[in-house]
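Protein chains: 4
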Amino acid sequence: MLADLIFTTPAIETIFSDETELRLMLDVERHLVGAQAHVGDVPDWAAQVIDSVCAEPDWAIQHIREQVLLAGNPAIPLVNLLRARVTQQNPEAAQFVHRGATSQDVIDTALMGQLRLAFALFEAELERLVQQLRALDQTHGSAPMIARTLLQQALPFTFGDKLAGWLDGLERTHQTINQLKTSTLSLQLGGPIGTGKSLGEHRERIYQLVADALGLTNPPRAWHTQRDRIATLASALGTLNGLLGKLATDVTLLMQTEVSEVREGAAEGKGGSSSMPHKRNPVTSTFMVAIAHRTPALVSTVLTTMLQPHERAAGQWHAEWGVLRDLCRLTAANLHHANDLFQNLEIDEQRMRVN
Amino acid sequence: MLADLIFTTPAIETIFSDETELRLMLDVERHLVGAQAHVGDVPDWAAQVIDSVCAEPDWAIQHIREQVLLAGNPAIPLVNLLRARVTQQNPEAAQFVHRGATSQDVIDTALMGQLRLAFALFEAELERLVQQLRALDQTHGSAPMIARTLLQQALPFTFGDKLAGWLDGLERTHQTINQLKTSTLSLQLGGPIGTGKSLGEHRERIYQLVADALGLTNPPRAWHTQRDRIATLASALGTLNGLLGKLATDVTLLMQTEVSEVREGAAEGKGGSSSMPHKRNPVTSTFMVAIAHRTPALVSTVLTTMLQPHERAAGQWHAEWGVLRDLCRLTAANLHHANDLFQNLEIDEQRMRVN
Amino acid sequence: MLADLIFTTPAIETIFSDETELRLMLDVERHLVGAQAHVGDVPDWAAQVIDSVCAEPDWAIQHIREQVLLAGNPAIPLVNLLRARVTQQNPEAAQFVHRGATSQDVIDTALMGQLRLAFALFEAELERLVQQLRALDQTHGSAPMIARTLLQQALPFTFGDKLAGWLDGLERTHQTINQLKTSTLSLQLGGPIGTGKSLGEHRERIYQLVADALGLTNPPRAWHTQRDRIATLASALGTLNGLLGKLATDVTLLMQTEVSEVREGAAEGKGGSSSMPHKRNPVTSTFMVAIAHRTPALVSTVLTTMLQPHERAAGQWHAEWGVLRDLCRLTAANLHHANDLFQNLEIDEQRMRVN
Amino acid sequence: MLADLIFTTPAIETIFSDETELRLMLDVERHLVGAQAHVGDVPDWAAQVIDSVCAEPDWAIQHIREQVLLAGNPAIPLVNLLRARVTQQNPEAAQFVHRGATSQDVIDTALMGQLRLAFALFEAELERLVQQLRALDQTHGSAPMIARTLLQQALPFTFGDKLAGWLDGLERTHQTINQLKTSTLSLQLGGPIGTGKSLGEHRERIYQLVADALGLTNPPRAWHTQRDRIATLASALGTLNGLLGKLATDVTLLMQTEVSEVREGAAEGKGGSSSMPHKRNPVTSTFMVAIAHRTPALVSTVLTTMLQPHERAAGQWHAEWGVLRDLCRLTAANLHHANDLFQNLEIDEQRMRVN
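Residue numbers (the working numbering), protein chains in the order written: chain U, 1 to 355; chain D, 1 to 355; chain H, 1 to 355; chain C, 1 to 355.
By construction, these hints were calculated from the structure, which means they are not laboratory data. Careful: at least some of the hints might be erroneous.
For chains that are exact copies, the list does not tell them apart, and a pair is met inside one copy or across any two.
[To be verified] Distance condition first, Cα-Cα at most 25 Å in a straight line; then the derived SDA-like pairs of lysine to any residue:
1. Lys-181 - Asp-168
2. Lys-270 - Ala-11
3. Lys-270 - His-140
4. Lys-270 - Gln-62
5. Lys-197 - Gly-265
6. Lys-270 - Ala-60
7. Lys-181 - Glu-171
8. Lys-181 - Glu-349
9. Lys-270 - Ile-347
10. Lys-197 - Thr-9
11. Lys-270 - Leu-70
12. Lys-197 - Asn-218
13. Lys-270 - Ser-198
14. Lys-181 - Gln-208
15. Lys-181 - Pro-219
16. Lys-197 - Pro-57
17. Lys-270 - Arg-85
18. Lys-270 - Asn-80
19. Lys-181 - Arg-85
20. Lys-181 - Asp-27
21. Lys-270 - Asp-348
22. Lys-197 - Ala-94
23. Lys-197 - Ala-213
24. Lys-181 - Met-1
25. Lys-197 - Asp-27
26. Lys-197 - Arg-85
27. Lys-197 - Glu-123
The task is simple: from the sequences and hints, build the whole structure.
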């Protein structure tokens, strides 16, 4: 779609690229075998072979993509490939690849790795946004303007009051995002049926070692079909996008010709019309409104997919994948636009006073 | 609808009854004026008159319901009625009714009061459910059964492993519900444009007094159009219903004729078929699946309504009301069914072993 | 909820009342046995007994409501009650009650009967709305006003151009609603597993007779778990509410203090503020915006419930019931508000010209 | 995402590629100026210059993608580029580029062109699916099997009865898709504010000529902010995916180890498990269930975006773009998987008889 760049950013595309996804899956495999070696379940030399193979470049991504249609998920072809490459290096090491793990362990943990990177990005962007709003409060916060309820002029307050409203929800959500990073971004490691038995008697230590190596929380149990963490993460993004959408709605309303209290800064060629060259349209805030219209339904999809049968879902899990990626893309884009908006927002204090 | 009782419980209906809603709104008014008297903004005698009028029975609910169509919300006709009644008692006290507050303060705070009661109910039901699952683990947890992935028989584990999976998410959500009660159930009090100026210079103390009296958190600012708390509460209920739906899905699958490992207890007349009297159908678990299909979209509606313009919404706020009530109704019903299910669930250990 | 009347109308409440639902279910039973008598499968006298019992008043609605929790649906207790009452009249007739039918036949057909009444209501309201918009075009259509794109003033057109835009979608949807009445409101009659075999060799004639008696289409097959018709009906209501929401959004924007080109007519007490008595707020258009925010997610729930397993769903079907009722309620209310809005809308041609 | 190919097909990717989108936008421009030349509003030579420039290869797609972030939509940079290239050929012809049109005309019409291609694809895939189901009925339709209601064994019927159920909804939807192609895939051409005045007095003939050239319906009015057609198209896809999801749900249930009545055909490497090599998992039906879980929320997003203010939306329209593309992608993939499923489905008549 020619308009794709509205709905994503380069940084989030990198996080959700095939290459990153593959590297994070290989990280699971190598940290798993590393931990197994550490507790003595696997010979050190074998772990080293596997680790070094995992570090190889060029993993036949196109082949893996195509094999997904037969295998049902990307971990199976990747593990097959990994096993084959390890066999080439040292046939006896191959038996230690992916030992005790299941596809979903690798995919869910890699997803959590992607979410970890994404949430760090969101946090940084939110931090920057909060700083910008505070700086704007310094420069224009005391400007008197009219408050509006039900789209009617109500009573005077200041632009600082409006900023404080926007900041209120954003700061709270900033904190939530920060908390979720430690409480909710968790290792998945339970083996074929989630009990962890396949990982042997040292499994508790293995869990902790792998979780630490990957920067994830070590949960009390595998959560193959208990998806509340995923729902919680998705909901937090839904809430964040709602707050940004509220802010952008305010900006589009304040930019109305009849109101004209703020205005998106004019980059060359920005906000023009193909038929009416004299107009200056909202652009960035419009993108934010668009994104905020798309996110709620994605959260509802994640909630819908929670009804995962037995010990591994038959489709409901697959449905999560693209939806979580899209939620992260949209969130990254929304935050980026928000920062862009305030970097260039022009405040017309004179007009605020008149209205 | 003749099937209404599937989707609600008497306890939650009481919480969301017109009577409770009205009482909670009057509570806001009387605690507000009480606080204002306490800080010296209002004469004590006036606060006492208002307080005693608020305690009167019979508030012309039908009249208020009809006036909503003109006034736009239920606080306006209630405040008018309150003012009229106070005037009858003491005309000079009437000026102190609803002083410095706005409709949305009263309605949002009353809603938070309803959610406080509802969350206490959910917590108690969750507690009971967790206890039941633990008790079932005591009696049947060691029964061997087959784990199933992608609806295929995978490897043996125990019924206790399955119970542990269900418990895992529910215990975590139990904790979340508990945390939200203190972090997120908040007073709304900001006056016409949310700045609180209308409440005078003692407003900080007034906030705290009213919040304490109502058992709500005192937030840093009014949140008339910053609805992240509402979204967070709704999302938590969405997640909880997803977990219950997963559990119920498992039960319906385990009850299949070909599997028959568990069975809903037979109350007289329960689970029959109008055309095939010999059948024993899942009933309670079916209700739970139904409810879990209805909740995700309600969460998405709440997220959609976050784009509330300026200092008071023009419709987006009204849209929340029925949706939050329905979410609470469905959650209460789902938890009730879950407890009912496990009170009567029959476990066929013999059949588990054979499969 | 004290604000309930915003989201429904008396007429739609009657259609979705327990009494109407029960009567429509009894209609299915009596027309079924009537048709079976007509083709000679049931003795005429038995059909007459059943018919006369179906006409009795007082059907113990509270008992049926409670039995739903055991039976899983309302048809089972109603049929039991019907059979008992027929037995009292004539024990030999009882065997002919509900013969060859299944619960879902009765419930789905009664639902289609409710939708038939609801769609007739929607059609009449839409007709009235279209007439009102056309009349407004006669009186104010030529008034010049500014068109706005991206919330910016663009080029002049007329209020008639704006009306024509609103009318365009509404007329098209009026036609769709009309078409769906004949194409999609269908009898459900297939017996326990949907094949109709339980209805004997004259079943094709029975279908036609019952469908004709109930004013429904006779479909090629029972559709117990093929829910595309339900989805299509729900989607049409979603679309209609979207159009009404767009119209109402325009009105709220045109009513902004800074624009003031239209205004909701002032009934006494309408549109006031509890804290700012001088304000005139949008009320009816606000209700419409609220409703339009609630309907999309309900459509998505209906679509989600389409994944109904095998020959009868285990929960997904139950989930439809309340959602379809709520969609109809909200649609009726939205149309009612729309008609109310235009009955009282004040057009400020002077202000349009100035802007 | 390494699993992307589950959720799309090469054919639909081509339709929604940047190249196709760009070509369809250029088609709008050249057919518009062609029609204007035909009615005498533009000199023939100028139309020919523009037409020949539109046929040029290499349109700086990356540049257009980036400019979208400034311009707000892809039509503005494309028209600028087109004008520049025409100027190079013949400076006097440049004034006739995009004459009387607006960005949204070009983008909406190009979208309708994409949907036209997509719906033709869906129709062909549906046709193939219906044929496959009918062929399966020939070979296995008479096999006796058990019907299941509420996941319980109910009464015997045949595999043909089950096929007839699946076919029922699919054939009806096939017809709907076919009807929508002619009734709903419409030209958008109204100029800056949708009245068409900018297209001069011959506009009615121009509309018809452009619509005919593009294979689209000529609607009575421009529909820039009346989005019921878009909602209707999206809803139809939602319904279709629901039917496919129901079918796939049945297949996953019939493939359960305990039931084993059907089985996805074994391609090499298909349906294996990374940890349990002996298992044969559902794969294709699992993909279909996944897709059917993702589509309902996308429909609800489209319905949510219908509240488009005034004569051009400020974000709600942008929100449609990616959602419609994703709906088409998912639909194409679902239909592809369905055809794939039945090409290889193994029916175990023996097992059906035993159950």
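Evaluated hints:
1. Lys-181 - Asp-168: This pair counts as both: shortest intra-copy Cα distance 21 Å, inter-copy 19 Å.
2. Lys-270 - Ala-11: For Lys-270 and Ala-11, only the intra-copy Cα distance (23 Å) is at most 25 Å; the inter-copy one is 35 Å.
3. Lys-270 - His-140: within (24 Å within a copy, 37 Å between copies)
4. Lys-270 - Gln-62: Between copies, since 17 Å is at most 25 Å while 38 Å is not.
5. Lys-197 - Gly-265: neither (60 Å within a copy, 32 Å between copies)
6. Lys-270 - Ala-60: Classified as between; 19 Å across copies, 41 Å inside a copy.
7. Lys-181 - Glu-171: For Lys-181 and Glu-171, the Cα distance is within 25 Å both inside one copy (16 Å) and across copies (20 Å).
8. Lys-181 - Glu-349: neither (40 Å within a copy, 41 Å between copies)
9. Lys-270 - Ile-347: within (17 Å within a copy, 35 Å between copies)
10. Lys-197 - Thr-9: neither (41 Å within a copy, 39 Å between copies)
11. Lys-270 - Leu-70: between (47 Å within a copy, 4 Å between copies)
12. Lys-197 - Asn-218: The answer is within: 16 Å in one copy meets 25 Å, while 48 Å across copies does not.
13. Lys-270 - Ser-198: between (59 Å within a copy, 24 Å between copies)
14. Lys-181 - Gln-208: within (17 Å within a copy, 32 Å between copies)
15. Lys-181 - Pro-219: both (13 Å within a copy, 24 Å between copies)
16. Lys-197 - Pro-57: neither (33 Å within a copy, 60 Å between copies)
17. Lys-270 - Arg-85: between (52 Å within a copy, 21 Å between copies)
18. Lys-270 - Asn-80: between (50 Å within a copy, 13 Å between copies)
19. Lys-181 - Arg-85: neither (34 Å within a copy, 51 Å between copies)
20. Lys-181 - Asp-27: So Lys-181 and Asp-27 pass the 25 Å test inside one copy only (19 Å; across, 39 Å).
21. Lys-270 - Asp-348: Within one copy only: 19 Å inside a chain, 34 Å across chains, cut-off 25 Å.
22. Lys-197 - Ala-94: Within one copy only: 21 Å inside a chain, 59 Å across chains, cut-off 25 Å.
23. Lys-197 - Ala-213: So Lys-197 and Ala-213 pass the 25 Å test inside one copy only (21 Å; across, 52 Å).
24. Lys-181 - Met-1: Answer is between: at 22 Å across copies they meet the 25 Å cutoff, but 32 Å inside does not.
25. Lys-197 - Asp-27: Close inside one copy (22 Å), not across copies (56 Å); limit 25 Å.
26. Lys-197 - Arg-85: neither (27 Å within a copy, 60 Å between copies)
27. Lys-197 - Glu-123: neither (37 Å within a copy, 33 Å between copies)
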